[in-house]
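**Student:** Please put together the full structure from these sequences, using the hints given.
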Amino acid sequence: MQQNERRRLKWNAAFDFATNIDNQRTDPDNGYAATDKYISTYNSYGVQGGVQSTRLKPGLVKSWDVTGSLSYQPAKIDLVQWVQTRSAYILFNAMEAGEHDARYVTPSYAGKMLVDGKPLYAFLKAKTTLGFRTGQLRHKLMLGVESNYSKNFGRGQVYDVDFPVSSTTPVNQRPRTFDSIPGMWNQSFFAQDEISVYVGPHKLTAVGGLRGMMLAGMDSRYAIANKMYVDPRLNLRWKLPLANMGSKQLEVTIGAGYGLHTKMPTLDQLYPAPVFRDIVQLNFFHNNPEFRRANVVTYIMDESNPNLKPARNNKFEVNADFEVDGNRLSVTVFNEDMHTGFTTNSRYMSLSYKKYDPQSVDAANLTSPPQTSDFSYVEKHQLYNYNIAVNGSRLRKQGVEYQFSTKRFKGVNTRFTVNGAWFRSTYNSSLPTHALIGSDYLVNGEVAQLVGIYSDPTGETRQYMNTNLVIDSYLPKLGVTISSSIQTVVFRTQQNTQKSGVPSAYVDAHGVTHPYTKESELDADLKLLKMFYSATEAVVDRVPMSLQANLKMTKEFRKTAAMSLFVNRLFTYGVNYYNKNNVYIKQNTYTTPYFGAEVTFNF
Amino acid sequence: MRQLNLFALVLLAGGLFITGCSKDDLNVKKSEVELSLTNPTGLKDVTVSNIVLAFKEVNSGKIDSIKAASLSTVNVNLPEGSYELSLDGDIRYSDDGGTYDAKVRGYQQSVVVKGNSVAVSLNLFLYNPTAQFVLKEIFFTGTVTPQGKTYNGDKYFIIYNNSEDTLYADGLIIAEAGFLTTTKRVYTPDIMDKTFTAGSMVMVPGTGKQYPVLPGKQLVVANNAINHKEFNPNSLDLRTADFELTLLPTINVDNPEVKDLINLSSAMTMHNRGFKSYVLARLGEGITVDQFKADYYYEPTYVNSAGNVSATKNVYKIPNAWIMDAVNLSVAPMFEWILTAPSLDMGWSYCGKVDSDETRYSKVVKRKVLSTNPDGRVVLKDTNNSTNDFEPEAKPSLMP
Chain A
1 MQQNERRRLK WNAAFDFATN IDNQRTDPDN GYAATDKYIS TYNSYGVQGG VQSTRLKPGL
61 VKSWDVTGSL SYQPAKIDLV QWVQTRSAYI LFNAMEAGEH DARYVTPSYA GKMLVDGKPL
121 YAFLKAKTTL GFRTGQLRHK LMLGVESNYS KNFGRGQVYD VDFPVSSTTP VNQRPRTFDS
181 IPGMWNQSFF AQDEISVYVG PHKLTAVGGL RGMMLAGMDS RYAIANKMYV DPRLNLRWKL
241 PLANMGSKQL EVTIGAGYGL HTKMPTLDQL YPAPVFRDIV QLNFFHNNPE FRRANVVTYI
301 MDESNPNLKP ARNNKFEVNA DFEVDGNRLS VTVFNEDMHT GFTTNSRYMS LSYKKYDPQS
361 VDAANLTSPP QTSDFSYVEK HQLYNYNIAV NGSRLRKQGV EYQFSTKRFK GVNTRFTVNG
421 AWFRSTYNSS LPTHALIGSD YLVNGEVAQL VGIYSDPTGE TRQYMNTNLV IDSYLPKLGV
481 TISSSIQTVV FRTQQNTQKS GVPSAYVDAH GVTHPYTKES ELDADLKLLK MFYSATEAVV
541 DRVPMSLQAN LKMTKEFRKT AAMSLFVNRL FTYGVNYYNK NNVYIKQNTY TTPYFGAEVT
601 FNF
Chain B
1 MRQLNLFALV LLAGGLFITG CSKDDLNVKK SEVELSLTNP TGLKDVTVSN IVLAFKEVNS
61 GKIDSIKAAS LSTVNVNLPE GSYELSLDGD IRYSDDGGTY DAKVRGYQQS VVVKGNSVAV
121 SLNLFLYNPT AQFVLKEIFF TGTVTPQGKT YNGDKYFIIY NNSEDTLYAD GLIIAEAGFL
181 TTTKRVYTPD IMDKTFTAGS MVMVPGTGKQ YPVLPGKQLV VANNAINHKE FNPNSLDLRT
241 ADFELTLLPT INVDNPEVKD LINLSSAMTM HNRGFKSYVL ARLGEGITVD QFKADYYYEP
301 TYVNSAGNVS ATKNVYKIPN AWIMDAVNLS VAPMFEWILT APSLDMGWSY CGKVDSDETR
361 YSKVVKRKVL STNPDGRVVL KDTNNSTNDF EPEAKPSLMP
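Chains as they are written, first to last, in my numbering: chain A, 1 to 603; chain B, 1 to 400.
One should not assume that every hint holds.
Below are the EDC-like pairs computed for lysine to aspartate or glutamate, each with C-alpha atoms no more than 16 Å apart in a straight line [unchecked claim]:
no., chain 1, residue 1, chain 2, residue 2
1, A, K397, A, E317
2, A, K151, A, E336
3, A, K530, B, E299
4, A, K355, A, E446
5, B, K293, A, E99
6, B, K259, A, D362
7, A, K407, A, E251
8, B, K368, B, E336
9, B, K149, A, D36
10, B, K293, A, D523
11, B, K149, B, D357
12, A, K239, A, D321
13, B, K293, A, D525
14, A, K151, A, E99
15, A, K410, A, D325
16, A, K355, A, E99
17, B, K293, A, E521
18, A, K62, A, E5
19, A, K263, A, E336
20, B, K353, B, E336
21, A, K527, B, D290
22, A, K37, A, D22
23, A, K407, A, D472
24, A, K354, A, E336
25, B, K313, A, D193
26, B, K313, A, E521
27, B, K217, B, E164
28, B, K259, A, E251
29, B, K313, A, D525
30, A, K530, A, D541
31, B, K149, B, E230
32, A, K76, A, D22
33, A, K527, B, D295
34, A, K315, A, D231
35, A, K527, B, E299
36, B, K368, B, E393
Hints in this document: simulated from the structure, not taken from any laboratory.
**Tutor:** See below:
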């Protein structure tokens with residue numbers, strides 16, 4: 001720390017290091033001790049530092065500070081697992097799209113895999129606070145910039161595609177290095193002005209701010225690349241003059257606020273792993289291993305959505321705070337509305353493939369291995385149904401939150417706190433959805449031949465009300481704190497949007513859309529596209545009150561150690577009820593209390 | 001256990017008879033026949049009743065018929081000659097599971113009747129005019145490799161011709177239940193007493209007479225008809241299976257030398273803990289697969305454990321009249337109900353005494369032998385009660 005009469009300069013720096021090695025030989029339930037191995041190593045390096053300058057004399061610039069941190073956490077899992085095929089089948093190992101001959105899986109082998117993660121996080125923030133007056137108004141202006149960067153330089157799952165460790169690798173994925181996923185660089189600025197003014201005994205404070213953020217350095221094919229999103233916000237606070245209540249004084253503060261909050265999509269939403277769709281074209285498992293032949297066509301699906309935009313949430317709230325003689329009540333009413341929430345939406349695609357006839361060569365009289373071209377085939381199509389991330393949902397939340405806490409009553413040294421809330425959230429999505437006929441359902445002997453298009457809007461409304469009572473007593477002579485709480489869910493409701501389940505249209509294997517008619521409902525295959533929704537789908541389901549009580553006792557030993565004993569679910573109670581389907585639901589069932597103890601040392 | 005009932009039946013050529021006959025007959029010599037019956041093998045506490053005997057003289061073609069309530073009341077007195085002897089009757093027998101009534105038959109050629117008395121012994125065999133294909137063996141558990149990993153491409157069914165006629169397998173359907181014997185629900189509509197609810201169904205191809213199965217012969221239907229020993233030394237060789245299933249595309253393998261069964265709605269994945277039931281059926285007269293799928297689709301609804309109304313999709317109803325055999329499977333601590341009308345199967349069999357029993361692998365449910373006919377044909381027990389008809393946790397017959 002440096003200091004002169006005008007300013008004080010503080011700086012700090014820290015370095016963290018952590019390491020962990022977990023060498024677990026084998027999973028006793030599923031493993032095979034002779035080969036299986038699991039070694040996990042984890043290191044963490046971190047540096048952080050900051051400089052802070054505070055002006056001690058009056059002036060425009062009150063303070064400035066710059067802080068930054070960098071952390072790097074290389075982690076590795078080395079694993080060997082005995083892989084046993086459950087029957088003969090074709091190995092999907094293509095890294096490229098297109099038709100190719102394939103082979104059958106190796107019956108059993110020791111599969112090796114390295115999972116290599118090298119995430120790096122960097123953070124830099126610079127901020128300054130200015131103070132000045134304009135007439136009667138006092139300004140406190142904060143300006144800052146912030147930069148966040150995260151990127152994984154690891155190699156991801158590294159394994160031989162001919163010998164995959166099947167328990168950890170889904171059949172529709174191939175190795176993908178973490179390094180190939182672009183880093184995320186979130187660049188933002190903020191500016192905030194806090195204006196306060198005294199009007200007689202009243203104090204009015206207004207805080208207005210702007211926060212801008214962008215994902216920098218992104219591929220320009222993304223709609224959000226390098227685009228700045230600005231969130232405004234405004235908070236007002238009115239502190240009323242103290243009012244006399246007998247010998248006590250009442251302090252009242254009333255506030256209101258509005259803000260827009262931008263939520264950027266995650267890396268998973270922006271850069272989903274490519275999906276490998278392998279369709280078997282020829283499956284000729286001859287009794288003579290030399291004569292076996294298989295052929296597969298591979299499609300690689302990019303399921304990213306370059307048009308994805310940030311989700312933006314509007315929030316408005318009003319609050320009031322009352323305090324008298326150490327007893328305090330605060331109430332907040334809020335209303336949030338997010339139009340562009342993230343959701344997944346289904347899409348489909350028609351894929352063509354050749355269906356070779358294994359019977360088209362004379363298997364019994366072969367003298368040499370057949371070639372794929374020796375087999376006759378027919379051209380076929382099947383549909384692929386997948387989901388992409390979109391901005392398609394609307395989520396509205398309304399609610400009231402309150403907290404009332406008493407002062408600590410003398411003699412019994414006990415404070416009572418009651419808090420609770422009521423929320424209502426409404427979720428809607430009006431995007432049409434696509435659903436593939438049952439994944440293994442056959443139409444004319446082929447799978448994935450029909451997709452239904454459903455226009456029913458999706459939605460639900462939930463309500464929730466809870467209240468908690470906490471009683472805590474402090475016994476200073478014994479150094480004991482006893483805290484008991486009763487948590488009550490007053491009620492919960494859920495109401496879904498009614499859906500017909502009848503498709504508005506369907507898509508055949510060639511990708512051609514047809515209207516779904518009354519005749520379709522009678523067709524042997526098309527009738528399966530009709531989804532079932534209960535007639536009570538849109539009836540409100542209401543769950544009445546349930547509560548549980550918990551108890552905790554803490555004993556302190558000269559401030560250096562503390563021992564706690566606690567019982568969760570000391571008792572529970574729930575009102576039994578009939579649900580919307582007239583089913584009797586027993587909430588009041590016996591649950592075993594959970595006992596625990598903990599010891600804390602302070603050095 | 002074999003039991004021999006010997007009845008000597010004597011009827012002398014008496015004057016009463018001679019006076020009633022024409023002149024030509026006066027010179028005909030008659031013989032008394034001492035008939036002894038050998039009961040079908042393997043039966044206990046046997047009584048034979050309502051006997052109809054037919055003696056056909058080979059040269060003249062003349063048939064002498066004798067009816068008797070029981071063998072002790074039968075009188076046989078025949079002209080000398082060379083006869084074919086056949087017997088029809090009712091039989092009652094018992095085992096640990098109860099007492100059963102069935103039909104019995106006996107047949108013998110070249111019975112020479114000559115002299116004063118002739119001893120004729122006749123082997124009886126069980127005869128079931130409604131006998132059909134039955135599920136002889138179901139291997140649903142799969143095997144375990146020497147390294148302790150599960151392996152399941154080697155599951156199979158054995159279908160057996162339990163009748164005395166050549167039957168054709170063309171169009172025969174194996175259907176797996178769409179429900180579980182371990183989850184009892186009130187389904188709406190409830191049609192369990194009239195139909196079987198099928199999930200996946202596989203059908204033998206053919207035009208009607210392409211796949212004959214002789215009496216006492218069987219068909220092996222493999223999941224994958226390959227030599228599984230290549231993949232798991234503890235498994236078996238199914239290259240000689242008669243048919244194979246087409247499994248889900250990602251786990252299927254096709255032996256070009258073994259005919260595939262036709263998947264009717266979806267690929268069959270046999271439940272390896274044995275929570276499902278299987279039936280053998282044929283579509284009703286004149287009903288095509290498409291008609292069946294359109295008209296016999298069933299989408300029952302039920303209230304799930306959370307109290308919500310749900311529906312079971314992709315299941316079909318097979319009328320009981322189309323079903324020739326049914327086998328319920330379950331596991332004792334998990335069992336909640338049978339998935340067939342009791343008239344089809346009122347019991348259930350198992351591999352595994354607890355859920356996910358590690359010892360269940362490499363075991364089958366196998367139909368018990370009821371009797372072996374004189375011609376060597378084995379008659380399997382089919383009392384429509386799998387608890388009694390099947391040997392649970394048996395060794396797979398295809399396993400060396």
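**Student:** Look at each hint and say if it fits the structure.
**Tutor:** Verification of the hints:
no.: 1; hint: K397(A) with E317(A); result: holds (11 Å)
no.: 2; hint: K151(A) with E336(A); result: violated (32 Å)
no.: 3; hint: K530(A) with E299(B); result: holds (11 Å)
no.: 4; hint: K355(A) with E446(A); result: holds (10 Å)
no.: 5; hint: K293(B) with E99(A); result: violated (34 Å)
no.: 6; hint: K259(B) with D362(A); result: holds (13 Å)
no.: 7; hint: K407(A) with E251(A); result: holds (15 Å)
no.: 8; hint: K368(B) with E336(B); result: violated (25 Å)
no.: 9; hint: K149(B) with D36(A); result: holds (13 Å)
no.: 10; hint: K293(B) with D523(A); result: holds (9 Å)
no.: 11; hint: K149(B) with D357(B); result: holds (14 Å)
no.: 12; hint: K239(A) with D321(A); result: holds (9 Å)
no.: 13; hint: K293(B) with D525(A); result: holds (8 Å)
no.: 14; hint: K151(A) with E99(A); result: violated (35 Å)
no.: 15; hint: K410(A) with D325(A); result: holds (13 Å)
no.: 16; hint: K355(A) with E99(A); result: holds (12 Å)
no.: 17; hint: K293(B) with E521(A); result: holds (12 Å)
no.: 18; hint: K62(A) with E5(A); result: holds (14 Å)
no.: 19; hint: K263(A) with E336(A); result: holds (14 Å)
no.: 20; hint: K353(B) with E336(B); result: holds (15 Å)
no.: 21; hint: K527(A) with D290(B); result: holds (12 Å)
no.: 22; hint: K37(A) with D22(A); result: holds (11 Å)
no.: 23; hint: K407(A) with D472(A); result: holds (11 Å)
no.: 24; hint: K354(A) with E336(A); result: violated (53 Å)
no.: 25; hint: K313(B) with D193(A); result: violated (61 Å)
no.: 26; hint: K313(B) with E521(A); result: holds (14 Å)
no.: 27; hint: K217(B) with E164(B); result: holds (10 Å)
no.: 28; hint: K259(B) with E251(A); result: violated (88 Å)
no.: 29; hint: K313(B) with D525(A); result: holds (12 Å)
no.: 30; hint: K530(A) with D541(A); result: violated (25 Å)
no.: 31; hint: K149(B) with E230(B); result: holds (15 Å)
no.: 32; hint: K76(A) with D22(A); result: holds (10 Å)
no.: 33; hint: K527(A) with D295(B); result: holds (11 Å)
no.: 34; hint: K315(A) with D231(A); result: holds (11 Å)
no.: 35; hint: K527(A) with E299(B); result: holds (11 Å)
no.: 36; hint: K368(B) with E393(B); result: holds (12 Å)
In this structure, the hints that do not hold are numbers 2, 5, 8, 14, 24, 25, 28 and 30, in rising order.
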